[in-house]
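Could you slot chain U with the ligands onto chain Z? The hints should help.
One letter stands for each residue in the lines below.
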Amino acid sequence: MSFIEVEDLCKTYFIAQRSVGVWGSIKSLFRRTYREKKAVSDISFRVERGEAVGYIGPNGAGKSTTIKMLSGVLVPTSGTVHVGGVVPYKERKENAQHIGVVFGQRSQLYWDLPVSDTFELYEKLYDIPREVYMRNRDYYTELFQMEDFIDQPVRQLSLGQKMKANIAIALLHDPEVLYLDEPTIGLDVMSKKVLRESIRRINQEKGMTIILTTHDMDDIEAVCSRLILIDQGRKLFDGTLSRFKEEHHRDNMIKLEFKREMPEWKEQDGLSLAEAADSCWRIRVKREAAPRDAVITLLNLYNPDNIYMEEPKIEEIVESIFVGQ
Amino acid sequence: MGKYGCIFGKAFKMQAVYRVSMYLGILKSLIAFFIQVSLWYALVGAGADNSVSFSDMTVYLVLNSAILTLTQANVAADIEASVIDGSVSMHIIRPVSFKFYTLATVLGQNAFRFLTGAVPVLLPGIFLAWNGFTFPSPVYLALFLASTLIGMLIMFELTYVVGLLAFWIQRCWFLKWYLDAGMAFFGGTVVPLWFYPQGLQAVSRFLPFRYILFEPVNLFLHKVSVQEGAVSLAAGGIWLVLLVWLERSVWLLALDKMTVNGG
Ligand SMILES: Nc1ncnc2c1ncn2[C@@H]1O[C@H](COP(=O)(O)OP(=O)(O)OP(=O)(O)O)[C@@H](O)[C@H]1O
Ligand SMILES: [Mg+2]
Chain Z
1 MSFIEVEDLC
11 KTYFIAQRSV
21 GVWGSIKSLF
31 RRTYREKKAV
41 SDISFRVERG
51 EAVGYIGPNG
61 AGKSTTIKML
71 SGVLVPTSGT
81 VHVGGVVPYK
91 ERKENAQHIG
101 VVFGQRSQLY
111 WDLPVSDTFE
121 LYEKLYDIPR
131 EVYMRNRDYY
141 TELFQMEDFI
151 DQPVRQLSLG
161 QKMKANIAIA
171 LLHDPEVLYL
181 DEPTIGLDVM
191 SKKVLRESIR
201 RINQEKGMTI
211 ILTTHDMDDI
221 EAVCSRLILI
231 DQGRKLFDGT
241 LSRFKEEHHR
251 DNMIKLEFKR
261 EMPEWKEQDG
271 LSLAEAADSC
281 WRIRVKREAA
291 PRDAVITLLN
301 LYNPDNIYME
311 EPKIEEIVES
321 IFVGQ
Chain U
1 MGKYGCIFGK
11 AFKMQAVYRV
21 SMYLGILKSL
31 IAFFIQVSLW
41 YALVGAGADN
51 SVSFSDMTVY
61 LVLNSAILTL
71 TQANVAADIE
81 ASVIDGSVSM
91 HIIRPVSFKF
101 YTLATVLGQN
111 AFRFLTGAVP
121 VLLPGIFLAW
131 NGFTFPSPVY
141 LALFLASTLI
151 GMLIMFELTY
161 VVGLLAFWIQ
171 RCWFLKWYLD
181 AGMAFFGGTV
191 VPLWFYPQGL
201 QAVSRFLPFR
211 YILFEPVNLF
221 LHKVSVQEGA
231 VSLAAGGIWL
241 VLLVWLERSV
251 WLLALDKMTV
261 NGG
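Protein sequences appear in the order of chains Z and U.
My numbering numbers the first residue of the first sequence as 1 and each following residue consecutively.
My numbering numbers the first residue of the second sequence as 1 and each following residue consecutively.
The shape of chain Z in the complex, shown without the other chains:
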């Protein structure tokens, strides 16, 4: 049995319809009409202990809804969820002891008190043994570089500092799995980097299972080895990152830069000029052609001052999947 088992999971929201006009709103006081919204439909997957899975999809795809069902906040409309043998929404308190959850849009910290106070609260809430608490507190304070601000009131902290603290408190009780719903939302490049690096280390050093939703594909590349892609509540892809890149492989791009007069472009097999700017060309290399040969050819033909390879980013691949639909 896998650690997380999700079978034919569905979630339908019933959204109360607003009626127009005075008469309509009087009527709706007595009888409401509902519109159904299928946020998650027939999703199944399994996750083994220690895996780090990226759960991605466009806005409104159903990512947060899935995380809420996994963590026990929401009851599925149909289908089953098992996490470590427990049905999360049935045994909430039992489940709570084994999971850590962070919703990036929502802070769990005491606004007026320092982070260390929320740390102490969680020690009591989760009944964490003293030595485990001390060890984890020191470990995460160091990992997330929180020494400087742990004694500062939360209202004075930056978004990135609050996010680090929120992730740290979700981990104090040594959960077996960590659910992260958009943990890097609104952070700058440097903070994102520190966060990704820390999350990756937690996954590798502690062997913690991680499920991460994000809109930043760099998060996925840095942290996850596996990717689940959903759209409109349905699963579109489930597999390793490298398989994803292979299956949805796109053409490679090569950029040539000239510090002198631009040469004249000659058509070549497998190469095409995608973009010609003032002093550079972007050249598309057909996926069948070997990038190495293309580079040699281009060097010989045009002798550019500089040459850059551009690897296809998952972001672009995902984009092309949705554009291609």
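Worth flagging that the hints you see were computed from the coordinates, not collected in a lab.
A hint or two may mislead.
As the list claims (entries may be wrong) - With a cut-off of at most 27 Å between alpha-carbon atoms, the simulated DSSO-like pairs for lysine-lysine come out as follows: (1) 93(Z) <-> 99(U); (2) 257(U) <-> 93(Z); (3) 93(Z) <-> 176(U).
Frame of chain Z, contents of chain U with the ligands only:
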């Protein structure tokens, strides 16, 4: 110290963060106390009703402000805020009961208010009431403490249920006005029920408000017989049981709404 003790402590600490508002709060309660004392001295002095003495009135005012601080925290507003921003759902996936989490928070806040709002008027209160004041006998004191505890819990349950209504009507802070009005009118927090006409007194017996504050004070002042005191204690207890039952049913519906419909 258990988890609820810790929650209590943090709530208390949070109130103490804003020093200036703490000092202003102390000042406010002192001023309010002296205004009330002067007002009632004038009124009681002018009236022909001699059953209520200056000393009684002062004790009434001191206890009034003390118990009010113990029942003051507005849980309804807190619950409403967490329902609207959705953070209430985080509580159900923590190993803690939402109700007791809220109760511990409220008690922490109220303990702080008690220290800054009630303790400062205690000294001038004792000084003013000294003449003609007798400390309640052990039986009355015990009844007083028990009914105060029940009163605090009744107030908590009332505001908690009102707060839970936020799941259906989104904005429910205005409902707290009705509670406050009920307290002021039928709970005797503005004008003691001693001065009420019979009809209104009778009505107030069937509402929960008088058991929150007025009955404890009556017991402290020996204004009722032990039997009458026991009866109102029981009435308060019945209200508490009813409210707990109501609150549980509402909570189950709210839980359903939150977890099945997604809030
Ligand atoms: N409580 C709710 N009531 C009704 N509909 C909801 C509710 N929560 C979400 N939905 C709808 O369900 C769908 C999926 O929402 P969800 O929040 O899971 O998307 P998401 O993948 O997390 O999107 P995002 O990337 O924007 O966070 C959306 O169409 C949304 O409007
Ligand atoms: Mg989301």
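Okay, the hints, checked on the actual structure:
Pair hint residue 93(Z) plus residue 99(U) holds up; C-alpha atoms about 14 Å apart against a cutoff of 27 Å. Annotation: proposed proximity of residue 257(U) to residue 93(Z) holds, straight-line Cα distance about 19 Å (limit 27 Å). Only pairs whose Cα atoms come within 27 Å are accepted, and residue 93(Z) paired with residue 176(U) is rejected, the gap being roughly 32 Å.
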